[in-house]
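K.L.:
The primary structure of each chain is shown beneath.
2 protein chains.
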Amino acid sequence: MLRNFFIGVDGGGTKTHIRLESEDGKVLGEGWAGPANIRLSVDVAISSISNAFEQAIYAADLNDVHKSKDVHFHVGMGLAGYEVQSVREEFLAKQKNLGFTHCEIQSDAFVACLGAHSGNYGSIIICGTGVVGLKYAKKGKYQVGGWGFPHGDEGGAAWLGLETIRKTLHLCDGRGIDSLLLQHVKQKLGGSAESVTEWACYANATKYAEIARDVFKFAEQKDTIALYLLNNAATHIEKIFFALDKFENDSKIKLPCSFVGGVSQFIVSLLKPNIKKRLVLPRGDACDGALLMIREKYNQS
Amino acid sequence: MLRNFFIGVDGGGTKTHIRLESEDGKVLGEGWAGPANIRLSVDVAISSISNAFEQAIYAADLNDVHKSKDVHFHVGMGLAGYEVQSVREEFLAKQKNLGFTHCEIQSDAFVACLGAHSGNYGSIIICGTGVVGLKYAKKGKYQVGGWGFPHGDEGGAAWLGLETIRKTLHLCDGRGIDSLLLQHVKQKLGGSAESVTEWACYANATKYAEIARDVFKFAEQKDTIALYLLNNAATHIEKIFFALDKFENDSKIKLPCSFVGGVSQFIVSLLKPNIKKRLVLPRGDACDGALLMIREKYNQS
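First to last, the protein sequences are chains A and B. Take the first sequence: its position 48, counting from 1, is numbered 48 in full-length UniProt numbering, and each next residue is one higher. Take the second sequence: its position 61, counting from 1, is numbered 61 in full-length UniProt numbering, and each next residue is one higher.
No wet-lab data here; the hints were simulated from the structure. It is possible that some hints are incorrect.
[As the list claims (entries may be wrong)] Below 27 Å or equal to it, Euclidean Cα-Cα: the simulated DSSO-like pairs (lysine-lysine) are:
id, chain 1, residue 1, chain 2, residue 2
1, B, 246, B, 15
2, B, 277, B, 252
3, A, 222, A, 138
4, A, 96, A, 15
5, B, 26, B, 15
6, A, 141, B, 188
7, B, 246, B, 141
8, B, 188, A, 239
9, A, 239, A, 297
10, A, 246, A, 138
11, B, 297, B, 96
12, A, 188, B, 188
13, B, 96, A, 239
14, B, 207, A, 207
15, A, 246, A, 15
16, A, 297, A, 15
17, A, 222, B, 239
18, B, 139, B, 222
19, A, 94, A, 297
20, B, 139, B, 252
21, A, 188, B, 26
As the structure is a prediction and not an experimental result, all values here were calculated from the model.
Work the whole structure out from these sequences, hints included.
P.N.:
If you want it as structure tokens, here you go:
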């Protein structure tokens, strides 16, 4: 007997999240794994998706049947780095080995936007390790930010970490002002410009993002530099909001915008009041969006 | 018959320059090769020094004799990345294969400072791909900046390139203002945020530094963004100047400061007048400084 399953994949820069549903929309299992940013590594992404899929299969108690030819997996995926053409092509070639019946892929930001507004038009700003804004409107979808680190992603955790390291080095060599946050980071990374440099020498976006936790902690204690950095981050988020707002800005009804991601909670209170009052809570997550996408495709076919 | 030769090595992040002198100070030959930033690669640095050394040996017509045990090479080296302890130790172990009799090593900034002031106390700010300030005074030497890219080197060519790419992406996605510089960079890198991201994905400090050339070109045409970026770079240089000035600031006589490097010519006119009037032209280059350093060591032994 033919059985159809629907899978939503949220493949982000930090972790992968998979949700497996029955044809009638019941959640059967979920799975989590490491990053799936294809810009950084297609192979790591494939491996993360495969690991999270196995977990979901196990949770759904489908171990014994999932390789049967009567079982069809229809998969919607949102992947970080999907805007980079060369790696997108590499991923499309390699994903065939995952063994899914049908696969519909978009960026992680797009499926998060679909999920946030239950498939309706709207926009989303995701502020985690990186930062991306996406608007889904009548004539198409529009991306603002999300171009990667260190050349983009201003306002996100990795960017906050990089700015903190810069200021820590300035403190070490006499260019900067003193601050409890910077003294803490300096000591944590060995106590000198040389040792901080040594750390930075091997740090990637994920490592930089860890430093952002210190920023949040010291901001609570009203550290001047920590508050300065978070206010700067808020300014970057505001720029994304206004840029998104301008696309297809031809009706009097403004589309709803959700502000999500691990860093958003530390920044939302610093946004301008006219932006804050425009924000709505997301109705669903990126897996929900990916599931909406693949179900729509399935119903059309 | 015992013959002593003295060699000065300027091992920078972009190129290596070697000068070979006779015992009585006559220049016999020079050599150039690729980068010698040991923070990025000890093996590349060893290979660059070896290549430049061979050129200098050839230019000095010493091919036939340089491996004789009666021929002694006393080498002073200034190396980029020398402040990173782990790679410094790796370099010290591997440099023995270069076959020099004696080798005295410091950072490239230190030997540049020695060269600029003929071994006397003074300071130097080098603004090329990276940016570093160094002061050599009675009680010691002090470094400001020069901690690497992208976490440091603010004001240098790589930093200028990174800031330009950030602004180009903002232009592409609707966050930024228009500018001939940014339009030019956007087109050069494929015409879209996706193609610029693809470029940035594989760009290192050297690649970013190439973008700085566009900044210089469009600054001449009074492009607003190009001028804004160069003025920002000047502010970073000023911070280094004032930080250096504060070390051992106990006498009424201010030590001379030289501002050198490929980017300095585009920034010097933008510095505050009270800084500009304190700058002196360098008396010699980093190879001269490295030679001064090894000759002093030789004379002491």
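K.L.:
Taking the hints in turn, state whether each one holds.
P.N.:
Results for each hint:
Distance hint between residue 246 of chain B and residue 15 of chain B is unfulfilled; the C-alpha atoms sit about 31 Å from each other, more than 27 Å. Taking the CA atoms of residue 277 of chain B and residue 252 of chain B, the gap is near 16 Å; set against the 27 Å cutoff, the hint holds. Proposed proximity of residue 222 of chain A and residue 138 of chain A is contradicted: the alpha carbons are some 43 Å apart, above 27 Å. With a CA separation close to 21 Å, the supplied pair residue 96 of chain A and residue 15 of chain A stays within the 27 Å bound.
At most 27 Å may separate the alpha-carbon atoms for a hinted pair to count; residue 26 of chain B and residue 15 of chain B meet this at roughly 23 Å. Of the pairs offered as hints, the one joining residue 141 of chain A and residue 188 of chain B holds, with about 25 Å between alpha carbons and a cut-off of 27 Å not exceeded. Simply put, residue 246 of chain B and residue 141 of chain B have alpha-carbon atoms about 13 Å apart, close enough for the 27 Å limit, and the pair holds. For the given pair, residue 188 of chain B sits about 25 Å from residue 239 of chain A by alpha-carbon distance, which is consistent with the 27 Å threshold.
For the given pair, residue 239 of chain A sits about 34 Å from residue 297 of chain A by alpha-carbon distance, which is inconsistent with the 27 Å threshold. In summary, the hint linking residue 246 of chain A to residue 138 of chain A is supported, as the alpha carbons are separated by about 14 Å, within the 27 Å threshold. Using a Cα cut-off of 27 Å, the hinted pair residue 297 of chain B and residue 96 of chain B holds, with the two alpha carbons roughly 18 Å apart. A threshold of 27 Å between alpha carbons decides the hint, and for residue 188 of chain A with residue 188 of chain B the separation of about 42 Å lies outside it, so the pair is violated.
Distance hint between residue 96 of chain B and residue 239 of chain A is unfulfilled; the C-alpha atoms sit about 54 Å from each other, more than 27 Å. With a CA separation close to 23 Å, the supplied pair residue 207 of chain B and residue 207 of chain A stays within the 27 Å bound. Only pairs whose Cα atoms come within 27 Å are accepted, and residue 246 of chain A paired with residue 15 of chain A is rejected, the gap being roughly 31 Å. At most 27 Å may separate the alpha-carbon atoms for a hinted pair to count; residue 297 of chain A and residue 15 of chain A meet this at roughly 25 Å.
Pair hint residue 222 of chain A plus residue 239 of chain B holds up; C-alpha atoms about 26 Å apart against a cutoff of 27 Å. Proposed proximity of residue 139 of chain B and residue 222 of chain B is contradicted: the alpha carbons are some 44 Å apart, above 27 Å. Annotation: proposed proximity of residue 94 of chain A to residue 297 of chain A holds, straight-line Cα distance about 22 Å (limit 27 Å). Note on residue 139 of chain B and residue 252 of chain B: the hinted pairing holds, with a Cα-Cα distance of about 16 Å set against a maximum of 27 Å.
With a C-alpha separation of about 50 Å, the suggested pair residue 188 of chain A and residue 26 of chain B falls outside the 27 Å cut-off, and the hint is violated.
The structure shown violates the earlier hints numbered 1, 3, 9, 12, 13, 15, 18 and 21.
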